[in-house]
Amino acid sequence: MALLDVEELSVTFARRNQRTVRAVDGVSFSVDAGEVVGLVGESGCGKSVTSLAIMGLLPRQPGVQVGGKAVFDGTDLLQIDDRSRRDIRGRDIAMIFQDPLSSLNPVVPIGIQVTEVLTRHRGMKGQAAAKEAAQLLDRVGIPDPKRRLKEYPHQLSGGMRQRALIAMAVACQPRLLIADEPTTALDVTIQAQILELLKELVRDSGTALVMITHDLGVVAGMCDTINVLYGGRVVETARRRPLFRQPRHPYTVGLLSSVPRLDAGRGERLNPIPGSVRDLLPWPDGCAFAPRCARRVDACVGEPPELVLTHDGRSYRCVNPAPVPGLTPGEDVREVVPGQATPGSVPAQAVPNDPPAVPGLAAAPSEEETS
Amino acid sequence: MIRFIVRRLLQLIPTLFGLSILLFIWLRRLPGGPETAILGERGTPEMRAAIRQNLGLDEPILIQYGRFVRRMIRLDLGTSISTKREVTTEFIQRFPGTVELTITAMVIAIGIGIPLGYLAARRRGRFLDHASVGGSLIGICIPVFFLAYILKAIFSENLGWFPSSGRQDPTLGATRITNFFVLDGLMTREWDAAADALWHLILPGLALASIPLAIIVRITRASVLEVLNEDFVRTAEAKGLTENVVRRRHVLRNAMLPVATSIGLLTGGLLSGAVLTETVFAFSGIGAFLAEAIDHRDYPVLMGFIMIIAIVYVLVNLIVDLSYSLIDPRVRVR
Chain A
1 MALLDVEELS VTFARRNQRT VRAVDGVSFS VDAGEVVGLV GESGCGKSVT SLAIMGLLPR
61 QPGVQVGGKA VFDGTDLLQI DDRSRRDIRG RDIAMIFQDP LSSLNPVVPI GIQVTEVLTR
121 HRGMKGQAAA KEAAQLLDRV GIPDPKRRLK EYPHQLSGGM RQRALIAMAV ACQPRLLIAD
181 EPTTALDVTI QAQILELLKE LVRDSGTALV MITHDLGVVA GMCDTINVLY GGRVVETARR
241 RPLFRQPRHP YTVGLLSSVP RLDAGRGERL NPIPGSVRDL LPWPDGCAFA PRCARRVDAC
301 VGEPPELVLT HDGRSYRCVN PAPVPGLTPG EDVREVVPGQ ATPGSVPAQA VPNDPPAVPG
361 LAAAPSEEET S
Chain B
1 MIRFIVRRLL QLIPTLFGLS ILLFIWLRRL PGGPETAILG ERGTPEMRAA IRQNLGLDEP
61 ILIQYGRFVR RMIRLDLGTS ISTKREVTTE FIQRFPGTVE LTITAMVIAI GIGIPLGYLA
121 ARRRGRFLDH ASVGGSLIGI CIPVFFLAYI LKAIFSENLG WFPSSGRQDP TLGATRITNF
181 FVLDGLMTRE WDAAADALWH LILPGLALAS IPLAIIVRIT RASVLEVLNE DFVRTAEAKG
241 LTENVVRRRH VLRNAMLPVA TSIGLLTGGL LSGAVLTETV FAFSGIGAFL AEAIDHRDYP
301 VLMGFIMIIA IVYVLVNLIV DLSYSLIDPR VRVR
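Chain order of the listed sequences is A and B. Numbering-wise (full-length UniProt numbering), the first sequence opens with residue 1 and increments by one. Numbering-wise (full-length UniProt numbering), the second sequence opens with residue 1 and increments by one.
To be clear, the hints were calculated from the coordinates, so they are not data collected in a lab. Predicted, not measured: the structure shown is a model, and the values here were computed from it. Fair warning: there could be bad hints in the mix.
[As the list claims (entries may be wrong)] For each label pair, taking beta carbons as the anchor points, the in silico distance ranges come out as: (1) N17/A with I154/B: 36 to 46 Å; (2) P143/B with R16/A: 33 to 43 Å; (3) P59/A with A195/B: 43 to 53 Å; (4) R126/B with A264/A: 50 to 60 Å.
[Unchecked claim] Footprint (simulated), chain B over chain A, 3 or more residues, beta carbon under 8 Å: (5) 89-100; (6) 111-123.
From the three backbone atoms N, C-alpha and C, an ideal C-beta is built for every residue, glycine too.
Pulled out of the complex, with its shape left as it was, chain A reads as follows:
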């Protein structure tokens, strides 16, 4: 049983007199205890909305519809009432956000912003809370923590602010940490420090981490399992090594080849994916990536592509995937799940007594088993 099981999660934003936007359109993935899972994709692919939906942080307005399931430790987070959700947030599941300056309250000292979590979930008050807060700041590498507790966010540097936010997130030793582009707003040198810190915290405490990012470098350095999102759906799921060595979905191929390489020849051009995220086809009408895809065939349009599960424990949603050398196309396919499968119709265990392979259905095998 995975720690977090997201099944067919969908989020739609409806506005009067405007087209309804399906920001997340049937995302499924799972996170095991202590695992680092990446959600990767371009801006607008639905990664942040996915995390906000899991946390129940989407604006509570008519017009915002959340469907599917997000089962955390046996509880569907989308079904529980506001009070239980507040109990879980910050204690069992914590979150780190993208922009550390705007994510901190400008008129409240850092100390109170740390101790309020301790007071809320661990019942700590006064001196005890202040002492624990100082230890937390120390643990995330903030020098002179006693003094920093009294300071305001604008008196800290960008890296320090993100460290403070991390301290607040890990204050109750959550079992799951969701980091939404935690390094995007930081200098490159600080980015590395923050990633190192996150790795350390996850390793030491056994916290599972969902890393939301568009930065493949971050993914390569941190994640065990990677989910590539496009147009609000997971288009490919794989362990880190196989994904980087042998991407199957043309979108993943495009993402990897658009990263500038230092070993590329002089004057060699970069390889961007043509078009933009906006040029997507609605999933019910075919593959959302088809309008930009280099490997497009006729079968891509008309109906949504099936989810293909392979014998080496990965999955992709593509009719014409990038070939694997030495294998005839289709040879590695273990099972195919219809593309328009509705929530609940996907079998919970694809093949009995077979190592469960598909995140979103069950735990992925360890890397040794797959490679």
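Given the coordinates of chain A, work out where chain B should sit on it, guided by the hints.
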């Protein structure tokens, strides 16, 4: 901090200087003069001239102005033409009433306006929101004297819940120390006098509160709506904090910044006298007295009162600016 206060107080000097010139010009451009007010239509030109000479109004205007400035520097505001008493005495006697009324009105406006504005923002687009936005529009539009008359007719004349006029029941024979009647009652432990003075403040306070209340509701609502979209509110929610803590510490504290500014401006405005409200409730503050002074062309009273009100206005806004730096640590007064 201290340098900031000193500099702001020094800025007061040119402000007052400019104001006194404008006031002087404006007053003397008013048709008629104190002599007309005193004598009415029947006075002969000789009698008018005698009064003008007596008051020193026959001298060149620059000399009159120079005399005013010299006296002002010695903090002497002269004598009222109509009551023959010192302008300073008149002010000290009447201003406390206006201050009490202003404080009552602002307590009502803030006490109702901020919670209502917050709730309207939180229930955006629903009944309470529409009701408070619509209600505040009425509050801004309705003439204050009209509201004052209605309140008086209903709650005082019909229901008899509140006194209809004055600042205190004179038969109580309350002791006067500061001329702040509520404060005097508390200081002398004459509790019934304090309660009676407070009772007299409710209706005029309500009438006077209508416009500031409407403005505070709207500013609070807009400000809360903006803060609710801030990332740090999302962070607070992600920490699992209770709604109460999120509201108090994270939403309201930030939303109060623009509200504080408007409270300063509104308070300053109310202090300059609520002529209509004071008239309707026969409330002896500076408003009604100032209106009378205009009728009587009582130059010393008008000059003196308006100059002091200007000083008070600047001081109130100085306090607001200082409190701003208490609410928002990013604002450092320099």
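Against the structure, the hints come out as follows:
1. At about 45 Å, the beta-carbon gap between N17/A and I154/B stays in the expected band of 36 to 46 Å.
2. At roughly 37 Å, the beta carbons of P143/B and R16/A sit within the given window of 33 to 43 Å.
3. In this structure the supplied range 43 to 53 Å holds for P59/A paired with A195/B, their Cβ-Cβ distance being about 48 Å.
4. Roughly 58 Å separates the CB atoms of R126/B and A264/A, a value that falls within the hinted 50 to 60 Å.
5. With 7 residues having a beta carbon nearer than 8 Å to a beta carbon of chain B, the stretch 89-100 of chain A meets the requirement of three or more and the stated coverage holds.
6. With 5 residues carrying a beta carbon less than 8 Å from a beta carbon of chain B, the stretch 111-123 of chain A meets the three-residue requirement, and the given coverage holds.
The earlier numbered hints are all upheld by this structure, with none contradicted.
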